[in-house]
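*Asks:* Letter by letter, the chains look like this.
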Amino acid sequence: MTLTLDAPRIVTTRPLVTLRDVTKTYGDVQAVTRVSAEVFPGEVLGIVGESGSGKSTLLRMMNLEDTPDSGSYTLDLPDVQGNLFELGRFARRMLCATKIGIVYQNPHLGLLMKHSSSGNVAERLLIAGERRFSVLRDKARAALAASEFPLERLDAPPIELSGGMQQRVQLAKAIALEPALLLLDEPTTGLDVSVQALVLDTLKRLQQDRNITMVIVSHDLGVIRTLADRVMVMRRGEVVEAGLVDQIFQDPQHPYTQQLVHAKL
Amino acid sequence: MSVTPQSLKTLSRAWEPMSYGFLDASAKREIRRKMIKAVAVPGCQMPYASREVPMARGWGTGGLQVSLTLIHPNMRIKVIDQGADDSVNAASIRHFLARVSGAPTTLDTLQADLIQSRHRIPEEKLNEAQILVLQVPNPEPLRPVQPNMSIARQMHADADYGRMWLQLYEQIVRSGRVMQGASYPSMVNGRHVMTPSPIPRWDVPKLNMAQHLTILSAGREKRIFAVPPYTRVEPLVFDDVPYKVEEHHDLTCSRSGAKGFFMNEIPQEDGSSAYELSDSGFGVKHIQQSTGDAVTFGKTWYENGEMAE
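Chains as they are written, first to last, in full-length UniProt numbering: chain A, 1 to 265; chain B, 1 to 309.
Worth double-checking, as some hints may not be accurate.
[Stated by the list, open to error] Pairwise CB distance ranges (calculated): (1) B:Arg220 / A:Ser36: 47 to 57 angstroms; (2) B:Asn189 / A:Val193: 52 to 62 angstroms; (3) A:Ala128 / B:Asn189: 20 to 30 angstroms; (4) A:Val193 / B:Gly58: 55 to 65 angstroms.
None of these hints come from the bench; they were simulated from the model. Glycine residues also receive a C-beta, built at the ideal position from the N, C-alpha and C atoms.
Turn these sequences into a full structure, and let the hints guide you.
*Replies:* This is the structure we're talking about:
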């Protein structure tokens, strides 16, 4: 098979992300049940499912914001070892600050709304120990430019920006330290169609330019089809079907996946 | 039913002698223990059960409790408020301390064993035998960046101070310079960030590797922290944006003629400004010297307007 830019970019057999039997309950509610998954370097994994299917819970656990009842999570990186769910608070925080980037559906969760946009990006660099103002400024500007954020609004606080611009600031913040893994939780929900297309273009270009490994959660199959290489379909906390994006969209096997795909089409 | 009018005197309890230094023994024991802990972990805030003292919260009750715990009859006390020995608050606290302890008082920094201060560190250097007690309104340097105090404590535990620098970054971006005038966040012993109480930026370098013990106490917030002698105190700065003190180097005191020290600005009717030494005891010494009195000056932290080595 000849690899082209648009072809799947799986070039190694060692997964970057490995999740094994991850289970999470909230009281009587089984949010995630024995989910296992692998994400390979440079790959984009899409997670789809209806509201309450457990996809965002799984993403939060991958960002180490939440701890599962059982299961393991490893990242194949030189200085990261063992089950990440067993890390202490500080190690988790440092790992998330330096190796994992996240874009939330709600920008209020990911941004300091009254600080400058560049300051939001700089915060991530500061956590990683950067203490030179000029370097912070340059790197924040570069990350915002890569996210196609208008640089004349470099120091505008996110609260004064549109939803699409806020998502770009989140994206710049997430990629500022060139993370090994980028998590996207419904990054285009709530945006109008034209802005949605621009954000998706930016994500696609970033992925191609930097070969970032991404996990994207969305209930919008169009978004998943545009970005993802592989898809995992979740329902009531369980993975009901997984496979290459074309395979899932053209030949869905599970009745629920068929329902999703046909509902979209 | 008729009500017999009662005077305040009849309603009040008769005067009885209290414990030495006003506070009871258990209160002093607790504060002593917390001070020892604070000295052992420089810059780390230690909680304590701040007691009632005959003064409103926010007027120096934290400093007063530390002074009352440390005081003994042979200790000479100096109290200053914004550098002045003669402000109402400083005079009241000084009289109270003297009354409940029998300790002598002084206006001269060199003669004082214990200096309780609000918002200033004297211009003359303190020595190893002296103790500086600073009154602190808000002991938590993370409060402006993290209003949740539980999370702020976790941040201290993790030495997670990135947001303190973010605050400085925002000030430079918005105003072109660091705007933090007082309570400048400072790293103590390379580990804990503390607020050095609302002393001006001019005074913060005086804490670095100082010979004296500094105890900072917040009565309302119930926290004690300390800078032991010969401890590093470094204001948070970016590597490429140097720390700057107030530009008082060239100002001359209109009353004493002293130059190169921290001044109070006195607006004049013609719109101009006159300046007076903020450290009033130090200013009085200069005036006494100019009238021919024999006075002894100690070494000063600043010489010719520059921080001395």
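*Asks:* Mind listing which of the numbered hints don't hold for this structure, in increasing order?
*Replies:* Violated hints: none; all satisfied.
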